[in-house]
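The primary structure of each chain is shown beneath.
Protein chains: 2
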Amino acid sequence: MRLSKYFIPTIKENPSEAHIISHTLMLRSGMIRQSSAGIYVWLPTGLIVMNKIANIVREEQNRAGAIEILMPTIQPAELWQKSGRYDAYGKEMLRITDRSNREMLYGPTNEEMITDLFKNTVKSYKQLPLNLYHIQWKFRDEVRPRFGIMRGREFLMKDNYSFDLDFEGAKESYNKMYVAYLRTFARLGLTAIPVRADAGAIGGDLSHEFQILAETGESTLYYDKDIENFDLADLKADIDDATVAKLRSYYAMEEEKHDADNCSVAPENLKRAKGIEVGHIFYFGKKYSESMGAKITGPDGNEVDVEMGSYGIGVSRLVGALIEANHDENGIVWPEEVAPYKVGIINLRFKDENCSAACDSLYSKLLDHGVEVLYDDRDAGAGTKFADMDLIGLPWQIIIGPKGLDKGAYELKNRRTGERTEHSVKEILEKLG
Amino acid sequence: MRLSKYFIPTIKENPSEAHIISHTLMLRSGMIRQSSAGIYVWLPTGLIVMNKIANIVREEQNRAGAIEILMPTIQPAELWQKSGRYDAYGKEMLRITDRSNREMLYGPTNEEMITDLFKNTVKSYKQLPLNLYHIQWKFRDEVRPRFGIMRGREFLMKDNYSFDLDFEGAKESYNKMYVAYLRTFARLGLTAIPVRADAGAIGGDLSHEFQILAETGESTLYYDKDIENFDLADLKADIDDATVAKLRSYYAMEEEKHDADNCSVAPENLKRAKGIEVGHIFYFGKKYSESMGAKITGPDGNEVDVEMGSYGIGVSRLVGALIEANHDENGIVWPEEVAPYKVGIINLRFKDENCSAACDSLYSKLLDHGVEVLYDDRDAGAGTKFADMDLIGLPWQIIIGPKGLDKGAYELKNRRTGERTEHSVKEILEKLG
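Read top to bottom, the protein sequences are chains A and B.
For the first sequence, our numbering gives the first residue as 4, with consecutive numbering after it.
For the second sequence, our numbering gives the first residue as 4, with consecutive numbering after it.
Think of the hints as simulated: they come from the structure by calculation, not from any bench.
Incorrect hints may have been included.
Copies of one chain are not kept apart here, so a pair can be met inside one copy or by any two copies together.
What the hints assert, rightly or not - BS3-like, lysine-lysine: derived pairs with alpha carbons at most 25 angstroms apart:
#1 K15 with K122
#2 K434 with K406
#3 K15 with K126
#4 K345 with K368
#5 K354 with K129
#6 K85 with K249
#7 K260 with K129
#8 K8 with K179
#9 K228 with K368
#10 K406 with K368
#11 K289 with K129
#12 K55 with K434
#13 K126 with K8
#14 K289 with K55
Okay, chain A solo, but in the shape it has when bound:
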């Protein structure tokens, strides 16, 4: 993409409304603009990153056998009246009255709607196990929206719901999602600690939050520091049961559930830290199937309430979480998997015909090799171009000016390490293509 024909409205100064680095950098690098409190417009590069994250989430859901559907954003209140959550949900629910005076709401989550869908479409245990997911906008009317898209009001979430005949089946569905989540965060290059979110009750130990350690996090967790030796960000291959068992043997608990007196971890090994919640998996049994009448016929011919679990990943929030984990003083440092473009070309001398021709030519060649390129062909100074490219944070930069061209050399900069090396066009195409 040629920057002169694109739309990346960068900002030089730190905006005063931003209090955490991801919010600052998303505004400055032109990824988002606020529309109203906690509600954002996603600009081109922000949207590309969010879509890439969504696709990784999608691939891992599909791999685990979950099936994609799409539920609407607007729900009828009656579903929530049936489940008993309509009044309980409180002011975070955006309540709406339509022109016919029907009570509606903007979905903050979809347990009720999916249970209703299941009830109307599935009748027999033979159609199970079933795990349906969607990636859809949600709305929670936060009293204090903050941290940009990290705690916005309108946000994109992947949520899915498993349906099983019995507890054993539900547990298996839960464990599949546990592994899918480990893989998803590993593919994003994130160290997300699975934290016990429920000390007992219905699900036993079947409730985990996935937390990224960050000082700006809003959750507090206690965990065995040995878990830090476990290479979570490397769990991209098949994950066997032994690995899962080992991981789950580490203590990691939400502050609300942590019981200092009965904690098995030696005090010197127990760490307390702030985390950003990016995922939550949760077994809840018959809570909704019972109240909403979602029954299936079992092998014995008798009807039973279906066993359910729900599983969420904050897709838009992950954009911010990734920046919290990948930045330096000059801007964002995108991992290749989710970078808006893999490489940026900086034309140092827009008005020099030879220089522009060399840039144009390399740009075309990279496109022909299927490389995602952002080409800064603007009529602007080198300082602005360097600063913007670092801010935007593409993994690679190719810096082209008359001096290098005289030697036939193209400077390649690694955004993360800052290392600069000189190459021929052929070498660059081999390295990046």
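We have chain A; now place chain B onto it with these hints.
Relative to the frame of chain A, chain B by itself:
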């Protein structure tokens, strides 16, 4: 995808609530389920088709130089108060009050929001022309939602907005979109007639609706029947100015704008027909930039209100429109470009080991060749499988039973023509791979 592990809840009987064929077939083939009046859940195959349509729309927008962003669904009322449309829009606007008593709304369209975004990010004519689009859910609180997703309340729309320095530029942007729309509908295999939607006023002739002829259409148009000789569905290649000029020389006018006394078409050549509106392009000049203060600095250093146009395609509605144009008495007949899967395998004898092994093997081979396959491996009778596969409407069916296998023959059925031919595995892979 194996049907035994998938989610396509087909229905045998015509649902009583459906009054047009696309609505009937979408419900029966398990593409959608109604959640509440005019609001639908998109089931797996429905979602795939909608995404494929969205991608064709996206590719043609990108090719025309438009840039994708994503605006939120919830908008602040104040934007609409500035433009003067807040009261004018009436009851079709879903109005919302948030917990802080701020007036909000679920966007029925995005002129106000994009004008506000433009105002806050673009200052100079040097950044023009600019054309921004998004594909996002909209809500219009129809008094009588009907025809399934054809006139729903929550619907998916591609809308974009062009920004230019002057009328000449705006006209060029308009013409680019006119061509992009012709290409988009041609790629979908649809004959969409560009109908003049405005007889004069601001834009001169710069307002067209794209209408698919259908008896169930809600629009009425008058047109020169010679336009039917113009092969609209073949406009996939580059479209030159002469072609555009020729197409635009045909008379085609909305009923509201049609003036029988002053119509240049000979009465015997004038046709009146019903149409389904699937797109609308519209130049509106400074209507929003003036009221909302979106100014740019021109080459002479003076500030001017930016020239704008807007362009919409009903993405979810197109799913229905495509079915209206592609079906027979047994179900849907998908064009390959948007079919949920290219081919379906019907295993006639699930309990016959050889037959199932042959089906499994062919299924794997097709997947290895990158073919999108739906494999009916259910424990069900041949009659059910034939009926469901015809209903779902994939372009090709491979029917495998013990009789054919004895001869080493696989029966290939063309869903559109009904033609059945026998082939070896190798031939099938060559034909479909």
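Ascending list of hint numbers which this structure does not respect
Structure breaks hints 6, 7, 9 and 14.
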